[in-house]
Amino acid sequence: MVSLRFVAKRLLLLVPVLFGVATLVFAILQLSPGNPARAIAGQRASEEFVRQIERELGLNDPIWVQYGRFLVEVVQFDLGQSYTIQRDTAVSTILRNKLPITLELALYGQLIGILLGIPFGIISAVKQDTITDHLTRVGALSGISVPIFWSGPLVILLFAQILGWLPTSGRIDAQRFAIEGITGLITVDTFVQGVQATLESGFAVSHFGPFFSAVSHMILPAATIGIYSMALISRMMRSSMLEVIRQDYIRTARAKGQGAKITLLKHGLRNALIPVITVIGIQFGSLLGGAVLTETVFGIGGIGTLLVEAIKVGDYPVVQGTVLVFAFLFTLVNLGVDITYSALDPRIQQ
Amino acid sequence: MALGAWLRPRVRLLATAGTIGTVAGALALLALAAVRTPEFASTQTFAVGALVLGFAVLGWSGSALAGRGIESLQTYLDADTGWTERDSRRAMARLSGFGAGVMVGVVIATTLLM
Amino acid sequence: MSTETEMGSGRTRGVFDRLRASPFLSDLLSNRLALAGLVIVFGMTAIAIYARLFIDLEAISLTQFGANPPRAAPGWWAELFGGGATAATGGLLEHPFGTDGQARDIFPRVLYGAWYAMLYGTITVGVSTIAGVGLGIVAAYFGDVTDNVVMRTMDVLLAFPSLLLALALVAIFPDGLGLWRAVAALTLVYTPRFARVIRGAALAVLEDEYVDATVALGATDPRVIVRHILPNCLAPITVQSTLNFGLAIIDLAALSFLGFGAPTGTPSWGLMLSNGVEQGLLTGQWWWSFFPGLFLAVTVLGFNLLGDGMRDALDPRMREAID
Numbered sequence: 001m002v003s004l005r006f007v008a009k010r011l012l013l014l015v016p017v018l019f020g021v022a023t024l025v026f027a028i029l030q031l032s033p034g035n036p037a038r039a040i041a042g043q044r045a046s047e048e049f050v051r052q053i054e055r056e057l058g059l060n061d062p063i064w065v066q067y068g069r070f071l072v073e074v075v076q077f078d079l080g081q082s083y084t085i086q087r088d089t090a091v092s093t094i095l096r097n098k099l100p101i102t103l104e105l106a107l108y109g110q111l112i113g114i115l116l117g118i119p120f121g122i123i124s125a126v127k128q129d130t131i132t133d134h135l136t137r138v139g140a141l142s143g144i145s146v147p148i149f150w151s152g153p154l155v156i157l158l159f160a161q162i163l164g165w166l167p168t169s170g171r172i173d174a175q176r177f178a179i180e181g182i183t184g185l186i187t188v189d190t191f192v193q194g195v196q197a198t199l200e201s202g203f204a205v206s207h208f209g210p211f212f213s214a215v216s217h218m219i220l221p222a223a224t225i226g227i228y229s230m231a232l233i234s235r236m237m238r239s240s241m242l243e244v245i246r247q248d249y250i251r252t253a254r255a256k257g258q259g260a261k262i263t264l265l266k267h268g269l270r271n272a273l274i275p276v277i278t279v280i281g282i283q284f285g286s287l288l289g290g291a292v293l294t295e296t297v298f299g300i301g302g303i304g305t306l307l308v309e310a311i312k313v314g315d316y317p318v319v320q321g322t323v324l325v326f327a328f329l330f331t332l333v334n335l336g337v338d339i340t341y342s343a344l345d346p347r348i349q350q
Numbered sequence: 001m002a003l004g005a006w007l008r009p010r011v012r013l014l015a016t017a018g019t020i021g022t023v024a025g026a027l028a029l030l031a032l033a034a035v036r037t038p039e040f041a042s043t044q045t046f047a048v049g050a051l052v053l054g055f056a057v058l059g060w061s062g063s064a065l066a067g068r069g070i071e072s073l074q075t076y077l078d079a080d081t082g083w084t085e086r087d088s089r090r091a092m093a094r095l096s097g098f099g100a101g102v103m104v105g106v107v108i109a110t111t112l113l114m
Numbered sequence: 001m002s003t004e005t006e007m008g009s010g011r012t013r014g015v016f017d018r019l020r021a022s023p024f025l026s027d028l029l030s031n032r033l034a035l036a037g038l039v040i041v042f043g044m045t046a047i048a049i050y051a052r053l054f055i056d057l058e059a060i061s062l063t064q065f066g067a068n069p070p071r072a073a074p075g076w077w078a079e080l081f082g083g084g085a086t087a088a089t090g091g092l093l094e095h096p097f098g099t100d101g102q103a104r105d106i107f108p109r110v111l112y113g114a115w116y117a118m119l120y121g122t123i124t125v126g127v128s129t130i131a132g133v134g135l136g137i138v139a140a141y142f143g144d145v146t147d148n149v150v151m152r153t154m155d156v157l158l159a160f161p162s163l164l165l166a167l168a169l170v171a172i173f174p175d176g177l178g179l180w181r182a183v184a185a186l187t188l189v190y191t192p193r194f195a196r197v198i199r200g201a202a203l204a205v206l207e208d209e210y211v212d213a214t215v216a217l218g219a220t221d222p223r224v225i226v227r228h229i230l231p232n233c234l235a236p237i238t239v240q241s242t243l244n245f246g247l248a249i250i251d252l253a254a255l256s257f258l259g260f261g262a263p264t265g266t267p268s269w270g271l272m273l274s275n276g277v278e279q280g281l282l283t284g285q286w287w288w289s290f291f292p293g294l295f296l297a298v299t300v301l302g303f304n305l306l307g308d309g310m311r312d313a314l315d316p317r318m319r320e321a322i323d
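Read top to bottom, the protein sequences are chains A, B and C.
Okay, so the first sequence: first residue is 1 according to our numbering, each after it adds one.
Okay, so the second sequence: first residue is 1 according to our numbering, each after it adds one.
Okay, so the third sequence: first residue is 1 according to our numbering, each after it adds one.
Just so you know, these hints were derived from the structure itself, not from any lab.
Among these hints, one or two may not hold up.
Said to hold, decoys possible - Listed next, the stretches of chain C that the computed footprint assigns to chain A, with coverage defined by at least 3 CB atoms under 8 Å from CB atoms of chain A:
id : region
1  : 166-172
2  : 228-240
3  : 249-261
4  : 277-290
5  : 295-301
By construction, the Cβ of each residue, glycine as well, lies at the ideal position given by its N, Cα and C atoms.
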């Protein structure tokens, strides 16, 4: 299968990625208007107090000294303290609390996108130029055209307010259940909680109450973000599948008398999937961008909303930590994609 | 021997870009210092250098990381421009060298002149 | 604005002239989806111009307590389903899109939003087209190291998720710019898309022996670019602009939605949506966010349908796939 060396080589790439992002963030913060000392002190603080904070933070040192210090801190995973959002809390603590929230949303969204996008793409390609194809394509195009910050409110309106099937916002029914657990992934935590209770006192549906509550809160936001990623995946799948269908070996296989469907599944799908999988890795980036909007719409306070807030109030350490985490996630997802890819296409492995 | 052959063109590429960057950084610093304060010039020019360096290093590692995805995107969703991972990494190495050069140029010029 | 229109019509004529012999136009017009897109785009442009000429921006931006009830349901909705205590009373067409928390009538605001979307969309796409055309042609014409560095930089920029990149850029620009800050950030985000397509088209022209001949006959660089490369790039430029227009409108609205775009009170779709979701959705005033979003989505869909149709009509590979 996939060699350990391959994985190690890919993991090593994390070093330049994080160095690049850290340097980029440092540069952006230096170039952006606004004085961090002023942001900490608040708008009404005296000039003298601002100067004092500047000295404490070393903002008067030559810029390369600041850069060096910044790099050393990043290497030590010291992302500093939040200026304003959660005053004097370590950024790493804030991120540890918020990261699982976004991660969970993005993963479920990606899952929905893949599970819907691939079949739709295949159907569209196989039934090329039929009504089904047109409908699927318009559907996919609408998925891209409809902004998340409109489709989100729409599904809230329909499923939460009119039909009343699902909750409007938040992550769990906070009045009935407390959020606790180790992973921070709420669906996992509540499920474990339910299993534990079952082991202790036998099965009862009520043990899984928190779990059902968490899942029902997850459905709408995950679907909203998933539809968006579905659109791209199905377009890509259609295009790649069409290419494969037109290739000679499929025709040959057909000519040899194999049934059309079997041919398609046996030879076509595997080859058509390869380019689609590679794109999923890149697409995860826009999924994170989508998470920023989805979290805002559904009132889920993950790192997406954290980033927006931090940019607004000029809480630079938080901005920087969030961006680093985004880059880290992106790298890991692409590593996963690479491994899947090599497993599907053994020719590539070296 | 093999290492030397592998290393030489890469070092040359980085060194050329770095030298250009150093000169450009020093000149930009002087130009900016003439219109604004020296501290401002030093900070801003250094930050621009860091911007280029960070971007290019990220681009370099990103090309290796997501190269295949970019290639498939190009092939299946829009114009194929003949993007290759190798070309991309070489361009990013040039830019990295340039960005780092600018930063070095600023440090040298600032310490010598101010 | 007049130069913008002149450019637009000149561009269209060039494309049509060049493509009269090709199946492009008939393909496009026989494509019903693309035709629907064209109708939507024209319709929205008409609405935008109407709003700019006949709607008083100041009047619809200020609060209208006293003149209207706040948070009132659209008249027709109130007639059909009842609208609670704040129901409109003036018949079916009273506040067709309802009123918002500041008692402003949403209908004219949504119409005016079309002007903002079209105007800032045009500026974003226009400037990034010009920048992209410049970079793409320079890269193709000079080749070698210039080409490599310019184009790979564009590729890396392209690989960033557009909204996250735009957020990073918004953080760099000063606060006081308002919507222009979002426009500037998005212009930078969109430039690479144009540069790439134009470079490809320009390279194809340069490989043409005909161009070699004109160079041998003493044609200068600018002359070759203006006379030979630019006209041949018009088709891909048009397609790319159309496809990205819709995306630019979404991204502009997204930045407004997140609070980095239009200043408070501006009738931009993104801002109206944001207020409507924040203040109206959970309390039952669905119309507050619904109508701005509907107009936004329809506009974007129009541009996407049109652009997709144009690309299919132009791209030989796609046509081959259809045959």
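These are the hints, each one checked on the structure:
no.	hint	result
1	166-172	holds (count 5)
2	228-240	violated (count 0)
3	249-261	holds (count 7)
4	277-290	holds (count 7)
5	295-301	holds (count 4)
When the structure is compared with the earlier hints, a violation turns up for hint 2 alone.
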